[in-house]
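Peer 1: Residues per chain are reported as follows:
Protein chains: 2
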Amino acid sequence: MLQLYFSPMACSLASRIALMETGLDAHYHLVHLRTKKVGDDDSDFRGISSKGAVPVLVLENGERLTESAAVLQYIADLKPELGLAPRFGDPDRYRLQEWLSFTGAEIHKAFLFPTFWYKDDASLAKPRARITQTLSVPSAHLADREFLVGNRFTVADAHLAWALLLLRPAGVDIAQWPPLSAYLDRVQGRPAVREAIATEMELRKTLTASPA
Amino acid sequence: MLQLYFSPMACSLASRIALMETGLDAHYHLVHLRTKKVGDDDSDFRGISSKGAVPVLVLENGERLTESAAVLQYIADLKPELGLAPRFGDPDRYRLQEWLSFTGAEIHKAFLFPTFWYKDDASLAKPRARITQTLSVPSAHLADREFLVGNRFTVADAHLAWALLLLRPAGVDIAQWPPLSAYLDRVQGRPAVREAIATEMELRKTLTASPA
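Protein chains in written order, with numbering that gives the first Met the number 0: chain F, 0 to 211; chain X, 0 to 211.
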């Protein structure tokens, strides 16, 4: 069975959404990111991944795959008939990779990550100054589209929807970008997305872990 | 003919290396990142890409592809027989995506980007504190490997080699990690890599543009 190491409402939420969309069984291991402990047995999470970051997907052969862009494509390709990623050979596959990179680098790593880990304002002035321009890119793209790639839900939407959900606790009101608000509502209308978020929000209430 | 919008020694260098490795003809358009002007005619680069970032690859059909992770995979797949990326269906393809994501998010966006764009020390304290742990990951991986994925040069190596080259002007001496120094020498031993770097270093001497 696949296993996912996750922290509630961290970027591993996108991988949980992808897994739930596939309907595949998986075992979910809670990770406390600040202490780098695995919830199951209080063991050192760096023994699972030296990066100390989620998601970590343990494959059926026991290998461990990290980085949302890779994990999400791997999960989508387990059930190609669902269209969670355009098939290899479809030019839209590169569009999927383009959005996975953009969300991971520009929204997560350049904005959400410093916001939740660097508590001093000095470290955050520049990321805060930049996020408006960053968000104008997906907002313009989604002004006349339902989803990021190929007019159907893909794992790139699971990834971006997670990032948009985290913008509110990061102090950014996405109501400034009506296409993004409407898009987030649309994605959250999917049963697997709703269930994944509800599960992690409930867990998060019982924990004091950081969300990014 | 393919066209690449680049800035000398910016992350678009990896895409130039990939193109030169394929032997495909391409037209290279210089972009001044600080002013967002295209060198050819002083036009607004945001008219080419609203992101205002390089690389932008103009495909044969006129579409524009952005984000190194997507552009590098696209270029590699133009000449699958060269092995610049494991073929779709090969499990190593996900390892390639894992390294592209790691280099783009953890080294480029979390460290190099703030180093070259945010000039105040306060904004940089946290990224600087984190880079040692970050670099220990590829260093450990490369301690007993020649290249990142599948024991041959791939576009993930073009990407990481670019990032390692930029660490010196960013104030990080990679001699602290002998596997990384040896790896960078090995990658720079490739004629296409040497030529790509020489071309951009020469251009850079004549310009005052920022490197990341």
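Errors might be hidden in some of the hints.
A pair holds if it fits inside one copy or across any two, identical chains being indistinguishable in the list.
With a straight-line Cα cutoff of 25 Å, these simulated BS3-like cross-link-like pairs (lysine-lysine) come out [unchecked claim]:
1. 125 / 36
2. 36 / 78
3. 35 / 125
4. 125 / 78
5. 204 / 78
6. 78 / 35
7. 118 / 78
8. 125 / 204
9. 35 / 204
10. 50 / 78
Read the hints as simulated data drawn from the structure, not as lab findings.
Peer 1: When Cα atoms must be at most 25 Å apart, do residue 125 and residue 36 count as within-copy, between-copy, both, or neither?
Peer 2: between (32 Å within a copy, 22 Å between copies)
Peer 1: I want to check one pair: residue 125 and residue 78. Are their C-alpha atoms no more than 25 Å apart within a copy, between two copies, both, or neither?
Peer 2: For residue 125 and residue 78, the Cα distance exceeds 25 Å both inside one copy (41 Å) and across copies (40 Å).
Peer 1: Give the relationship of residue 50 and residue 78 under a CA distance limit of 25 Å: within one copy only, between copies only, both, or neither.
Peer 2: Answer is neither: 28 Å inside a copy and 32 Å across each miss the 25 Å cutoff.
Peer 1: At most 25 Å between C-alpha atoms: does residue 204 with residue 78 qualify within a copy, between copies, both, or neither?
Peer 2: Answer is neither: 32 Å inside a copy and 50 Å across each miss the 25 Å cutoff.
Peer 1: Using 25 Å as the alpha carbon limit, work out where residue 36 and residue 78 are close: within a copy, between copies, both or neither.
Peer 2: The answer is neither: 32 Å in one copy and 44 Å across copies each exceed 25 Å.
Peer 1: Given identical chains, is residue 118 near residue 78, meaning Cα to Cα at most 25 Å, within a copy, between copies, both, or neither?
Peer 2: Neither: 41 Å inside a chain and 47 Å across chains, both beyond 25 Å.
Peer 1: My question is about residue 35 and residue 125: at a cut-off of 25 Å on alpha-carbon distance, are they close within one copy, between copies, both, or neither?
Peer 2: between (28 Å within a copy, 18 Å between copies)
Peer 1: Using 25 Å as the alpha-carbon threshold, which applies to residue 78 and residue 35: within, between, both, or neither?
Peer 2: neither (32 Å within a copy, 42 Å between copies)
Peer 1: Between the shortest in-copy and the shortest cross-copy C-alpha distance, which are at most 25 Å for residue 35 and residue 204: within, between, both, or neither?
Peer 2: Classified as within: same-chain Cα gap 19 Å, cross-chain 45 Å, threshold 25 Å.
Peer 1: When no copy is named, should residue 125 and residue 204 be tagged within, between, both, or neither for a Cα gap of at most 25 Å?
Peer 2: neither (31 Å within a copy, 28 Å between copies)
Violated hints, listed in ascending order, are 2, 4, 5, 6, 7, 8, 10; each of the other numbered hints is respected by the structure.
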